[in-house]
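Protein chains in written order, with our numbering: chain A, -19 to 375; chain B, -11 to 247.
Keep in mind that the hints are not guaranteed to be accurate.
To be verified - When the alpha-carbon atoms are kept at most 16 Å apart in a straight line, the in silico EDC-like pairs for lysine to aspartate or glutamate are as follows: (1) LYS(-11)/A with GLU120/B; (2) LYS149/B with GLU163/A; (3) LYS66/B with GLU4/A; (4) LYS(-14)/A with GLU120/B.
Unchecked claim - Cβ-Cβ distance ranges computed for the label pairs, FRET-style: (5) GLN23/A with ASP(-7)/B: 55 to 63 Å; (6) ILE(-8)/A with ASP(-7)/B: 36 to 44 Å; (7) GLU208/B with LYS191/A: 52 to 60 Å; (8) ASP(-7)/B with THR21/A: 52 to 60 Å; (9) LEU106/B with GLU25/A: 57 to 65 Å; (10) GLY2/B with LYS18/A: 50 to 58 Å.
Stated by the list, open to error - Here are some chain B residues the structure puts well away from chain A; computed CB gaps all over 12 Å: (11) PHE19; (12) TYR53; (13) THR141.
Since the hints were made in silico from the structure, they are not lab data.
Glycine is no exception: its CB is placed at the ideal position from the N, C-alpha and C atoms.
One-letter residues, chain by chain:
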Amino acid sequence: MKLPNKKGKFGIFGGKFAPETLMEPLAQLEKTYKEIVKSKTFQQELNIYLKVYAGRPTPLYFAKNFSERIGVKIYLKREDMAFTGAHKINNTIGQVLLAKYMGKTRVIAETGAGQHGVATSTAAALFGLKCDVYMGEIDIKRQALNVYRMKLLGANVKAVSSGTKTLKDAMNEAMRDWIATFENTHYVIGSVAGPHPYPMIVRDFQVIIGKETKKQILKIEKKLPDYLVACVGGGSNSIGLFYPFENDKNVKFIGVEGGGKGLDTDLHSATLCKGSPGILHGSLSYVLQNHDGQIHPTHSVSAGLDYPGVGPEHSFYKETGRAQYFEATDQDVLKAFHFLSETEGIIPALESSHAVAWVINNKEIFKPADIIIINLSGRGDKDVQEVANIEEGNL
Amino acid sequence: MKIKDKFIELKKQGKKALIVYLTAGFPDMKFTEDFIVEIEKSGVDIIEIGIPFSDPIADGPILQYTSQISLEHGTNLKDIFSLCERLKTKISIPYILMGYYNPIYQSGLDNFAQNCSLAGVSGVIVADLPLEEEGPLKKSLKNYGIDLVSFLTFTTSERRKEKILKSSSGFIYYISLAGVTGPRETLPDRLKNDLKKIKEDSVTPIAVGFGISNVSQIKEIKDYADGIIIGSFVMKQIIDNKIEELKNILVSFREALNG
Ligand SMILES: Cc1ncc(COP(=O)(O)O)c(C=O)c1O
Chain A
-19 MKLPNKKGKF GIFGGKFAPE TLMEPLAQLE KTYKEIVKSK TFQQELNIYL KVYAGRPTPL
41 YFAKNFSERI GVKIYLKRED MAFTGAHKIN NTIGQVLLAK YMGKTRVIAE TGAGQHGVAT
101 STAAALFGLK CDVYMGEIDI KRQALNVYRM KLLGANVKAV SSGTKTLKDA MNEAMRDWIA
161 TFENTHYVIG SVAGPHPYPM IVRDFQVIIG KETKKQILKI EKKLPDYLVA CVGGGSNSIG
221 LFYPFENDKN VKFIGVEGGG KGLDTDLHSA TLCKGSPGIL HGSLSYVLQN HDGQIHPTHS
281 VSAGLDYPGV GPEHSFYKET GRAQYFEATD QDVLKAFHFL SETEGIIPAL ESSHAVAWVI
341 NNKEIFKPAD IIIINLSGRG DKDVQEVANI EEGNL
Chain B
-11 MKIKDKFIEL KKQGKKALIV YLTAGFPDMK FTEDFIVEIE KSGVDIIEIG IPFSDPIADG
49 PILQYTSQIS LEHGTNLKDI FSLCERLKTK ISIPYILMGY YNPIYQSGLD NFAQNCSLAG
109 VSGVIVADLP LEEEGPLKKS LKNYGIDLVS FLTFTTSERR KEKILKSSSG FIYYISLAGV
169 TGPRETLPDR LKNDLKKIKE DSVTPIAVGF GISNVSQIKE IKDYADGIII GSFVMKQIID
229 NKIEELKNIL VSFREALNG
């Protein structure tokens, strides 16, 4: 059975909890998506851009030094080598191209780390659409480099000062924009969150990660991996990697969330580890919330994981046990950030460093013959300044 | 009082409904309570009591602000139900709850419906609960005879419109414009014609909301609807502490709706 079902549900999760005004734009999006995206012309055009513009396929790299240190075989899926420095481009080229096919003249996006904002701005520049990116004031500060990149790309960055001033509120603000502008504007949601059909659309544009990985590992190792490990913010790089292996029951899926200052504090963003089912941003999924159903503020050293919700397909994976979810704390993440830089010469994004940290922290559970694939969802250039600030003494 | 009976009564008097939204707990619960009692006298027909939510995606800056302040004061459903409980004997017009789905969902749908019933709540409006998802809440509310008011707007497709017209009870909340809540000077040109068509198809009363802030707007649309809903405009006056002025303005809205 292929999920989501007609109502956009993954088990009980997902759905379309949207204001009435958006129901028709969402239905239109779903309809066009099904017609256009499945068409040969669209797929051909998309594949060309993914190849010659975004630089796909990204390599599957055997991390020899890292492997020796842990005592298992570790491969890195190098999404950090995709154009603009993260997996986000897979989704934005797809969605902005879709927007163009739909005759929209403007796109909007929310962004946390700024990677999705940069990737949307890039695709908008490429396809000649106007672009406004909503970003929380706190994130604007900690991801200053990406803010400037978006401006260079011709996008307009709109500072969000409401609520927690991070990704959650940037998403609120983007939705409010879209409620008023859907006639000429497509909202490019950056992760597998939001109302149906977004979790499906974003997954479909990200499964290229897992499809390539499967081919690559079968070619190199002649067998499937034992573990797939990815960080989980909204959940798009992880779903993209996991999904093509869904029926390969011996492949374990590990999602790593932002453990912040620890799960015994309130300062984390470990939605699946510590949250409960609720409705946020248009779908029923795990959320971090208080007893009254108000959404909790979150914390993570990485802006891209600093989000109190998660894509509904992950909630479904959690309930069915198909995937397991853990967390890595800020402290361990910073260690992993340095570790990978020093052992492999690869500076990972703080988001991706969560997946690296989980592998380092759990080396005793692996068998020597295990093959582990870590999704290196992005590169760390954007974080260099922030890590320097933190390590100068204010973490 | 049942919403339906209120509209029947108004119809007999040849009047249109003046519906006022207030964020519960802004600036505090005592104000909300006292103000509701007072504006019944200004001729308000139905009160919408807003349940504040941390992430109100359909609201503009004014209601975001009032919700946030109310939450900072710790307002929760329990407080709101005790307010409603007190209103039972203090006012005779219907009062309904309006909010987002998550706080309701977390309280348990049956429990929520039962509390509504005990506190004399006549109806419920949920901004992010469309027809496709309303089933479970509707069922719980129905057991207690409480209305679930649905939204319609110009983007609603014909097929969904028919279903919504059948499903909505109490009244239909017609969203006047594409956008979030917040006062506007004028309403879309399209609105009158859209309302005319809806009224032909609907046996349920139609109330128009979003953007309404002045008498001339009200005069323009009142013949095409059964009532109007005013929210952000009212909360803005409360934020600015223009309480006496607001009461006078509500009286002028009342008059505009009558004549
Ligand atoms: C490099 C990188 N990895 C991961 C994420 C988290 O998003 P997701 O869970 O959707 O992959 C982000 C989000 O900004 C990111 O920039």
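Evaluation of the provided hints:
no.	hint	result
1	LYS(-11)/A with GLU120/B	holds, 11 Å
2	LYS149/B with GLU163/A	violated, 20 Å
3	LYS66/B with GLU4/A	violated, 35 Å
4	LYS(-14)/A with GLU120/B	holds, 11 Å
5	GLN23/A with ASP(-7)/B: 55 to 63 Å	holds, 58 Å
6	ILE(-8)/A with ASP(-7)/B: 36 to 44 Å	holds, 37 Å
7	GLU208/B with LYS191/A: 52 to 60 Å	holds, 56 Å
8	ASP(-7)/B with THR21/A: 52 to 60 Å	holds, 58 Å
9	LEU106/B with GLU25/A: 57 to 65 Å	holds, 60 Å
10	GLY2/B with LYS18/A: 50 to 58 Å	holds, 56 Å
11	PHE19	holds, 21 Å
12	TYR53	violated, 9 Å
13	THR141	violated, 5 Å
When the structure is compared with the earlier hints, violations turn up for hints 2, 3, 12 and 13 and for no others.
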